[in-house]
Amino acid sequence: MSTAETYDRFEELDAGRALGDLSLEEVKEWKKLVKDQQSEKSSDFDWISVELEIENSETCPLPSSLVTRLKSTIPAFTKIEARDSSPTKIVSILPWLGWAAAACLLFFFNLPDVDTLVQAPELTAAQKLEELVRVAPETQRLAFSPASDTYEDISGEVIWNDDRQEGYMSLVNLPINDPTKNQYQLWIVDPERDELPVDGGVFDIPTGSETAVIPIRNTLQVSQPTVFVITLEQPGGVVKSKQEIVVALAKS
Amino acid sequence: MHLRNFILFSNIDSFHFALGIVASEGSQSNADESLLPLVAKGDGQAMKRCINVYGPLVWSIVCRRINERNDAEETCQEIFTEVWQKAGTYNPEVARESTFIGMIARRRSIDWQRKQSRLPMLTDLESAPEASSAIPIAGTGLDRELLWKALEQLPEKTRELFSLHFVKGMTHEEIVKETGLALGTVKTRLRRGLIDARKLLKDFTQQKNPKL
Chain S
23 MSTAETYDRF EELDAGRALG DLSLEEVKEW KKLVKDQQSE KSSDFDWISV
73 ELEIENSETC PLPSSLVTRL KSTIPAFTKI EARDSSPTKI VSILPWLGWA
123 AAACLLFFFN LPDVDTLVQA PELTAAQKLE ELVRVAPETQ RLAFSPASDT
173 YEDISGEVIW NDDRQEGYMS LVNLPINDPT KNQYQLWIVD PERDELPVDG
223 GVFDIPTGSE TAVIPIRNTL QVSQPTVFVI TLEQPGGVVK SKQEIVVALA
273 KS
Chain C
15 MHLRNFILFS NIDSFHFALG IVASEGSQSN ADESLLPLVA KGDGQAMKRC
65 INVYGPLVWS IVCRRINERN DAEETCQEIF TEVWQKAGTY NPEVARESTF
115 IGMIARRRSI DWQRKQSRLP MLTDLESAPE ASSAIPIAGT GLDRELLWKA
165 LEQLPEKTRE LFSLHFVKGM THEEIVKETG LALGTVKTRL RRGLIDARKL
215 LKDFTQQKNP KL
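First to last, the protein sequences are chains S and C.
Throughout, this note's numbering is defined as the position within the first sequence, counted from one, plus 22.
Throughout, this note's numbering is defined as the position within the second sequence, counted from one, plus 14.
Everything labelled a hint here was simulated from the structure, so no lab data went into it.
Misleading hints may appear alongside valid ones.
Here are the simulated distance ranges between beta carbons [unchecked claim]: (1) S/Ser24 x C/Ala196: 27 to 33 Å; (2) C/Glu107 x S/Ile267: 35 to 41 Å; (3) S/Arg186 x C/Gln221: 51 to 57 Å; (4) S/Pro83 x C/Gln130: 23 to 29 Å.
Partial selection, computed: residues in chain S whose CB lies under 7 Å from chain C [as the list claims (entries may be wrong)]: (5) Glu34; (6) Gly38; (7) Gly42; (8) Asp43; (9) Asp66; (10) Phe67; (11) Asp68; (12) Ile70; (13) Val72; (14) Leu74; (15) Ile76; (16) Asn78; (17) Leu84; (18) Leu92; (19) Lys93; (20) Ile96.
Pairs of lysine-lysine residues, derived as PhoX-like cross-links and limited to a Cα-Cα distance of at most 20 Å, are as follows [claimed, not checked]: (21) C/Lys171 x C/Lys213; (22) S/Lys262 x S/Lys57; (23) S/Lys264 x S/Lys54; (24) S/Lys93 x C/Lys62; (25) C/Lys213 x C/Lys163; (26) S/Lys203 x S/Lys264; (27) C/Lys222 x C/Lys163; (28) S/Lys262 x S/Lys54; (29) S/Lys264 x S/Lys53; (30) C/Lys129 x S/Lys53; (31) S/Lys50 x C/Lys129; (32) C/Lys171 x C/Lys191; (33) S/Lys93 x C/Lys55; (34) S/Lys262 x C/Lys129; (35) S/Lys57 x S/Lys264.
None of the values given here were measured: they were computed from a predicted structure.
Glycine residues also receive a C-beta, built at the ideal position from the N, C-alpha and C atoms.
Full structure from sequences and hints, please.
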């Protein structure tokens, strides 16, 4: 493939990335082109897509219960360290307005009574775990064991439900981490799916937590997972772990 | 008048007028209030205001793609967490706050859809909205007027697909059902449409600013 053809292909895939329609193979190809050809990442397609979408979206008020929930999490946000910006380009885009009201209305017609929503308390991860076990007693439970002497005090278990694609880790004595230096990441091995483990989400152990309940945030659907692995990675996690620091494992 | 016709109008404002939709002063002034620099400094009050001001925009984007209430709320929470995390990378010289936040909302919502289809999520692939890796169009960024001008030059079939996808929020599969086109054709035309729109936009930008 010539340089021009390679660029054309990258451009096509990059447009697909902005549209969100890349297949599994195309994702791999996009990554390879970026790596091999050092193709320039551009946000142009993203800007155009967002402009098209928000220009024609009528805004829908946030449910009051969600506003309350979002604002209640703000104190937790303050632990996140913000990064500096580096100006590079100018974009001029009109503020959003438009008419996706029909979609919003359809959505709201299916909602329960507003008062019920306002009063519905948000469950903690621990409560959600208990609820999951209560409503789905067949949920898979596996014990964590330390992967090395460094983490010999670790114990706990992973609770996973295939049907609901929902799971939690209950972790004891996992060392507190500094999110600006490293973060824990869960990996789920699903032999039915792929040789590569599925990313189960990045998480932190905050100060004062001897026992922590962490929700699993799998990026792909998994079924009948056989191994759960916790690694320590760079802040934000990684796409593919080198497994340089393996913290704990839970095997079926 | 069908919504899909919006993009066929030579002047989007005339279409707004035709439907009786006019941007209010309030909506203009509420958006883009320079909240993100304050959020980046850890200002909780600014974050609350950010939720008030941009929550409706985020919710509308999320609800276009996610029809499960709990998932929509969860995604919304993830979006604002990401807004908080990335507020420090926001640069008002690069984009308006609504665009910056809209991009995060759009990506998170698309990733939710992809997760349902067992496809890899794309968030990790993307560089924007961090300005550091963004390559501006023709060196100056995106001029909205020129964008609409560029869109008018696209083939009618492409504009119709744009309308179905971006205005009505249809997935490719839904567009296939609506139009009877093959999935590959829909995919190719949408991608090609974006590529052509960018090229036209660059050309128009350079015509307008020959020194660039």
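Take the C-alpha atoms of S/Lys264 and S/Lys54, compute the straight-line distance between them, and say whether it is at most 20 Å. Distance of about 18 Å is within 20 Å: holds.
Verdict for S/Arg186, C/Gln221 (Cβ pair) under range 51 to 57 Å: holds, 55 Å
Does the CB of S/Asp66 sit less than 7 Å away from some CB of chain C? Since the shortest Cβ distance to chain C is 5 Å, the answer is holds.
Given hint S/Lys57 paired with S/Lys262 - CA-CA distance at most 20 Å: holds, 15 Å
Restraint status (C-alpha distance of S/Lys262 to S/Lys54 at most 20 Å): holds, 14 Å
Check the hint pairing C/Lys222 with C/Lys163 against an upper bound of 20 Å on the C-alpha distance. holds, 12 Å
Tell me if S/Asn78 is really an interface residue toward chain C, meaning its C-beta lies closer than 7 Å to one of theirs. holds, 5 Å
Would the stated hint for S/Ile76 survive a check requiring a Cβ distance to chain C of less than 7 Å? Status holds, d = 5 Å.
Hint status (Cβ of S/Leu74 to nearest Cβ of chain C, threshold 7 Å): The hint holds - S/Leu74 has a Cβ within 7 Å of chain C, the shortest such distance being about 4 Å.
The hint names S/Lys93 as touching chain C; please verify it with the least Cβ-Cβ distance against 7 Å. S/Lys93 check passes; min Cβ-Cβ to chain C is 5 Å, inside 7 Å.
Confirm or reject the claim that S/Ser24 and C/Ala196 have a C-beta distance inside 27 to 33 Å. About 28 Å separates the Cβ atoms of S/Ser24 and C/Ala196, which means 27 to 33 Å holds.
Is the shortest C-beta separation between S/Gly38 and chain C less than 7 Å? holds, 5 Å
Going through the hint list in order, the structure satisfies each hint without exception.
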